[in-house]
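Starting from the given sequences, assemble the full structure and let the hints guide the process.
Protein chains in written order, with the working numbering: chain Y, 2 to 232; chain A, 52 to 529.
Rather than coming from a laboratory, the hints here were simulated on the basis of the structure. Treat the hints with caution; some may be incorrect.
Under the rule of at most 27 Å between Cα atoms (straight-line distance), these lysine-lysine pairs were calculated in the DSS-like manner [what the hints assert, rightly or not]:
{"no.": "1", "chain 1": "Y", "residue 1": "225", "chain 2": "A", "residue 2": "487"}
{"no.": "2", "chain 1": "Y", "residue 1": "176", "chain 2": "Y", "residue 2": "189"}
{"no.": "3", "chain 1": "Y", "residue 1": "68", "chain 2": "A", "residue 2": "487"}
{"no.": "4", "chain 1": "Y", "residue 1": "21", "chain 2": "Y", "residue 2": "68"}
{"no.": "5", "chain 1": "A", "residue 1": "499", "chain 2": "A", "residue 2": "483"}
{"no.": "6", "chain 1": "Y", "residue 1": "68", "chain 2": "A", "residue 2": "475"}
{"no.": "7", "chain 1": "A", "residue 1": "465", "chain 2": "Y", "residue 2": "68"}
{"no.": "8", "chain 1": "Y", "residue 1": "68", "chain 2": "Y", "residue 2": "9"}
{"no.": "9", "chain 1": "A", "residue 1": "234", "chain 2": "A", "residue 2": "267"}
{"no.": "10", "chain 1": "Y", "residue 1": "103", "chain 2": "Y", "residue 2": "155"}
{"no.": "11", "chain 1": "Y", "residue 1": "225", "chain 2": "Y", "residue 2": "108"}
{"no.": "12", "chain 1": "A", "residue 1": "234", "chain 2": "A", "residue 2": "86"}
{"no.": "13", "chain 1": "Y", "residue 1": "116", "chain 2": "Y", "residue 2": "155"}
{"no.": "14", "chain 1": "Y", "residue 1": "68", "chain 2": "A", "residue 2": "499"}
{"no.": "15", "chain 1": "A", "residue 1": "111", "chain 2": "A", "residue 2": "86"}
{"no.": "16", "chain 1": "Y", "residue 1": "21", "chain 2": "A", "residue 2": "465"}
{"no.": "17", "chain 1": "Y", "residue 1": "52", "chain 2": "Y", "residue 2": "68"}
{"no.": "18", "chain 1": "A", "residue 1": "86", "chain 2": "Y", "residue 2": "9"}
{"no.": "19", "chain 1": "Y", "residue 1": "52", "chain 2": "Y", "residue 2": "106"}
{"no.": "20", "chain 1": "Y", "residue 1": "116", "chain 2": "A", "residue 2": "483"}
{"no.": "21", "chain 1": "A", "residue 1": "111", "chain 2": "A", "residue 2": "67"}
{"no.": "22", "chain 1": "Y", "residue 1": "99", "chain 2": "Y", "residue 2": "52"}
{"no.": "23", "chain 1": "A", "residue 1": "483", "chain 2": "Y", "residue 2": "176"}
{"no.": "24", "chain 1": "Y", "residue 1": "155", "chain 2": "Y", "residue 2": "189"}
{"no.": "25", "chain 1": "A", "residue 1": "465", "chain 2": "Y", "residue 2": "225"}
{"no.": "26", "chain 1": "Y", "residue 1": "225", "chain 2": "Y", "residue 2": "189"}
{"no.": "27", "chain 1": "A", "residue 1": "86", "chain 2": "Y", "residue 2": "68"}
Below, a sample of chain A positions facing chain Y; criterion: calculated Cβ distance under 7 Å [claimed, not checked]:
{"no.": "28", "residue": "459"}
{"no.": "29", "residue": "462"}
{"no.": "30", "residue": "483"}
Incomplete in silico selection of chain A near chain Y, CB under 10 Å [claimed, not checked]:
{"no.": "31", "residue": "463"}
{"no.": "32", "residue": "464"}
{"no.": "33", "residue": "473"}
{"no.": "34", "residue": "478"}
{"no.": "35", "residue": "480"}
Think of the CB as a built atom: it goes at the ideal place given N, C-alpha and C, for glycine as much as any other residue.
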Amino acid sequence: MSEDIIDKIISNVLQGRRDKDDEGIDEGYEDQPGVTELVNEALEQGVDVEKILAEGLSRGMELVGEKYETGEYFIPDMLAAAEAVGAAMEIMEPHLLKKGSKESKGKVIIATVEKDIHDIGKNLVSIMLKGAGFAVIDLGINVPASRIAEEVEKENAGLVGLSALLDTTMPFMAKTIEELENRNLRDKVKVIIGGAPTSDQFAREIGADAFGADAFAAVNLAEKLMVRGGK
Amino acid sequence: MIHGEQGGRFKPLTEKDINSIHEMTVRIMEEVGVKIPNKQALEIFEQKGAHVDHNTQIVKIPRAMLEETVNSAPSRVVLCGRKEEHDLTLEGSRTYSGTGGTVLNCLDLETGRRRPTTLEDVKNFALITDALDNVSFFVINVYPTELQLQEVDVNRFFHAFSNTSKHVMGGTYTLEGLRRVIKMSETLAGSPAKLRERPFVSFITCVMSPLLLDNKYTDFLIEVARQGLPLATPAEPLAGATSPCTLAGTIATNNIETLTGVILAQLVNPGTPTLYGSVATNMDMKSGSYLAGSIESGLINAGLAQMAQYYGIPFYATAGMSDSKLPDCQAGYEKAATSMIASLAGANYIHDAAGILEFCTTASYEQMVIDNDILGICLRAVRGIEVNEDTLAEEVLRRVGPGGNFLSEEHTIKHFRSEFFYTKVADRQSRKLWEKDGSLDAAERARKIARELLQNHRAEPLPQEAQEKVRADFQEIK
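Pasting the structure below:
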């Protein structure tokens, strides 16, 4: 019984269906429950909350990632899937807390740096991280270094994601890292960067922990740095 | 059925132009005539009322005969695949593209060197055609140079059938070979009647230029028409050499020549499926060479598409070739330009559009993969811009409003797959990722895809029993 509903959760994550009104990618899903409804149903049935998370939602996102890698899925598909999982995670949160499980894989602060107002890439990363089970605090665009550092301190975040699309705003990534150092926060938080003009080399130059080429890379880095302890 | 796309929006000829070409055609047919050095054909034309001079072998075709036979030629020809999903419905301005030939050399996929083609290449080109979405049919494109002449026809067709369930068309080299291919196809179909019901094979019988039919090909033409199987009778005028230098004069010449073939087929067997055809192009005035990739060949074929639509006979066209020796930039732009205008003109069955280089003398696997992308781009252009309430998306635009984005909209998910064309070969990654993948150019990327397809793709096999029977009956099959 619980296998049935887990399978349904996986296939609806793959279809990117948050609820029954979503059409999904393939035919045959009209009026069928989506991911949020299925998660509620599973909880009512008493399916173990960690099982729903690991074998349903996370497994679904893994499959979405594989399909993206092979070129079958595109950005809108993975966004839809991540949003559906993100919505389901909100439902799951109190149940995870009650059970004493960790409600998320860790806290991430994400922002587009000072003087830069581009946010599509940053939003993608934000949605994908939520979909992967991280607690994401998105500070938006044009965020000064001091504000980012304050939030890191206040939220006790484990990871900061910085985005910039312009060569002229890239230096504010370096400035943000300096700010973290000045406040003695740099040892407590990992920093990843992304955006068209940035690179591995630039990440090394400014003392960031890593560079992610796309949203999937960002999720992999977050997993590596926060869940697997940098391995 | 393969959907195809409705072309016909590119019209290089006006109605008045079409009429002038038609009237000139009638005058030349009636007053100059066409030379047909084939006794059988002369007798058929004479018996049906054409003016035949047996000494000069000139046939003058009266207007009434032209009109009557053009009317008896079907305006809709269905070329079937072994699988129904691969059927092609040739009519109006619906357009499909595929391979063509026949060539004696190919670029070896591993060494990149030019080498003679073998039966293995017949199999592999059929297989890669089967695997590529936008290559809708297989005109057998290579010649197995290691075989004896009398083994060639049956082997080419058998191994083509075995490696693709798409429609197979080809030329044959002997009359006996042609008859054996038809017999073999009947066995594979289950019976002669079943083959006529769903013809998964068709034949090409070329017409010469200027105003000349070839003796041997005319025998083939009469045989195929008699047997009631689909047939293309393309003419191959070379502007400036075997037809007038002007495109209009070449279109008129091609029109006369291919219609002569259509007329003969209809006289032999009224109503037999016949394709109006062209392999026309121009001569290179620098070297005297035939040109495959000239833009003029594209224009001539686009104009002839309109002529074929005027007569209501499906059109076997030529486009998407190149004179380049390798899959380079020249190959890309020559192929894209001619394929684009021929498909926008609504040419029904564009052959030679995949895998051919170097004046139609060399085939290339990686070029097949690149051409599949070019053809996809052309089909997307032919499909054009769909405007309706859903595609205008006013509701979505209002909801997202100023400063938002559309990436995670349901409307985007619903449309992005069909609205945008996704290429297989084109590199659209960032420089960083491109470098990580080895900094490959298009030809190298295509080579990787070609290897992968040849290794992993398998065509729907021929029915076991029919296959065994054919192998027993046709001992020459390798």
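Going down the list of hints, with the structure as the test:
no.	hint	result
1	Y:225 x A:487	holds (21 Å)
2	Y:176 x Y:189	holds (17 Å)
3	Y:68 x A:487	holds (20 Å)
4	Y:21 x Y:68	holds (23 Å)
5	A:499 x A:483	holds (20 Å)
6	Y:68 x A:475	holds (16 Å)
7	A:465 x Y:68	holds (18 Å)
8	Y:68 x Y:9	holds (18 Å)
9	A:234 x A:267	holds (20 Å)
10	Y:103 x Y:155	holds (19 Å)
11	Y:225 x Y:108	holds (14 Å)
12	A:234 x A:86	violated (31 Å)
13	Y:116 x Y:155	holds (23 Å)
14	Y:68 x A:499	holds (20 Å)
15	A:111 x A:86	holds (9 Å)
16	Y:21 x A:465	holds (16 Å)
17	Y:52 x Y:68	holds (23 Å)
18	A:86 x Y:9	violated (72 Å)
19	Y:52 x Y:106	holds (15 Å)
20	Y:116 x A:483	holds (25 Å)
21	A:111 x A:67	holds (25 Å)
22	Y:99 x Y:52	holds (15 Å)
23	A:483 x Y:176	holds (25 Å)
24	Y:155 x Y:189	holds (13 Å)
25	A:465 x Y:225	violated (34 Å)
26	Y:225 x Y:189	holds (16 Å)
27	A:86 x Y:68	violated (61 Å)
28	459	holds (5 Å)
29	462	violated (10 Å)
30	483	holds (6 Å)
31	463	holds (5 Å)
32	464	holds (5 Å)
33	473	holds (8 Å)
34	478	violated (13 Å)
35	480	holds (9 Å)
Figure legend: structure checked against the earlier numbered hints; hints not met, in rising order: 12, 18, 25, 27, 29, 34.
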